[in-house]
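Asker: Quick mapping for you: the protein sequence lines, in order, are chains A and B. Using our numbering, the first residue of the first sequence is number 1, and each one after it goes up by one. Using our numbering, the first residue of the second sequence is number 1, and each one after it goes up by one.
20 angstroms max Cα-Cα, derived EDC-like pairs, lysine to aspartate or glutamate:
1. 234(B) to 50(A)
2. 52(A) to 235(B)
3. 276(A) to 88(B)
4. 242(B) to 32(A)
5. 242(B) to 28(A)
6. 151(A) to 116(A)
7. 242(B) to 270(A)
8. 73(B) to 199(A)
9. 208(A) to 212(B)
Here are some chain A residues pointing at chain B (derived, C-beta under 10 angstroms):
10. 19
11. 71
12. 269
Worth flagging that the hints you see were computed from the coordinates, not collected in a lab. Built from N, CA and C at the ideal position, the CB exists for glycine as well.
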Amino acid sequence: MVDMSVRIAGVEFPNPVIAASGTYGNGECYTELYPISKLGGISCKGMTIEPKLGNPPPRIAETPSGILNSVGLQNIGVHGFIEYYLPTLKEEGNVIIANVAGATIDDYIAAAEALDASNVDMIELNISCPNVKAGGATWGVTPEGAADVTKAVRRATSKPLIVKLTPNVTDITVIAKAVEAEGADALSMINTLLGMRIDIRTRRPILKNNTGGLSGPAVFPVAVRMVRQCYKAVNIPIIGMGGISTWEDAIEIMLAGACAVQMGTAIFTDPYSPLKVIDGIADYMEQNGIKSLSEIVGQCQEW
Amino acid sequence: MYYCGKYPIIEKKTLAKGVYSYIIDADEPADEAQPGQFAMISAPNYTLRRPISICGIDKERGTLRFVFEVRGKGTEEIASLTEGESLDVLAPLGNGFRIPDGKKIVVVGGGIGVPPLLGISRCSGELCTAILGFRDYSKIILEDEFRENGSETILCTDDGSVGQKGLVTFPLAEVLEKGETAAVMACGPTPMLKAVVKMCELYKVPCQVSLEQRMGCGVGACVTCSCLTVRNGKEFYSRVCKDGPVFNAEEVKFDG
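Please model the entire structure based on the sequences and the hints provided.
Answerer: And the structure:
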């Protein structure tokens, strides 16, 4: 048995595969298929300090090798999460990450303070949701906005802090550096790319929100490129995500610079895909004599 | 329990143009399945599975049956599979119909909304009256099978080419007028569902509706297949996959 563990901001994951926020609920949905302890960690459904209704449906559309979604952060609120979901998650899962969003800085602070008092393992700051009018990605598209939220949340919690970046920017390294300077312990990237589909019969957008976030294999090369850019620009660890569906994808994005991965859309295609990726990485390590995944992180040799 | 795996197709039939019936050999999911539940079926080369209602459950043979219509390229891929190949299925999902024991019920189906109702007819037999609406004679499916279950079956077509001409709500009103119906269960296009719900309100008969929505995971995780619902005066988005697909009609806000 190979040692697949990875350590991020002082938190040890038994393996590097984490369920991505918004694709795994709060861990309760797939337990009828397999125990959530098989995953290295779970990033829970994006939460806000107050419960949020979300956007009107339709909220999802298929695209070539991917999907668009416009859920709009429907959630039961941080306190509901802590009360209803967190105890079971902590009991049954490995690393539990609370993904936090907000409309204002005060929202982020309130959520972070509430979570700071809970036994969640890490906080993932969502400054990249493309589907809400206020907050979300509006913070993450400028270095000033990203820095302000990170700074405020850093003060509000001593939990390890991951900042989740949006790809919908001109230069992602500027944002990465800005949040690193304000005390982010790690980055996770990429959130979805803003997209749109139109029904040619009705001449209406398929999504009621008109636009939505693109994810799935279609965005994988963008994720690899951006992880690579940030790996070279910052010194904090990166959790790579964006269209990872096979173990080969996971190894590829690790070679680009990610020390762990999150999987999302692939779980809809095949609920067992995270487990297959874990097994595939284990076989790859064994066959290549890799003792620790840290040996391959960032080891792409560029031309 | 959910099951996710590849199950052999043991029978494939074409029921009408673009409407197919598959029976799969799937012991465990069949053992768990209830009428009104659905499956997420993988469309080869597509990212999202397609939600397809369970039309038949044979617990003795250990089979599940799906009847679906080709709506786009994904369902076209599923329809291109043949006997001997397998169907990649995640099932059984969602909440089925709640069928009152030993009481008269009415099922109302429109078009491709008819298949999930066949399981109710199978359970309730002669206690079930089926009112089935189709665009025209060429679209009629499963009528014989409702009759074989012993259910009185009333056909309606938009153009009157077979059965009564017009909406399913006309015969529904006639049946409800008798005052013997304990529950109505409906599946079909939204305008039909709205009309059926209104009629049930008029006659004060409880109604369950099976809803459809674009879906992501099928198990309640992604919160994309939402429908606006109201409970205790409070509006919120329910998940069609996990909280439904069958809802009590009074909870559903169709214009949400």
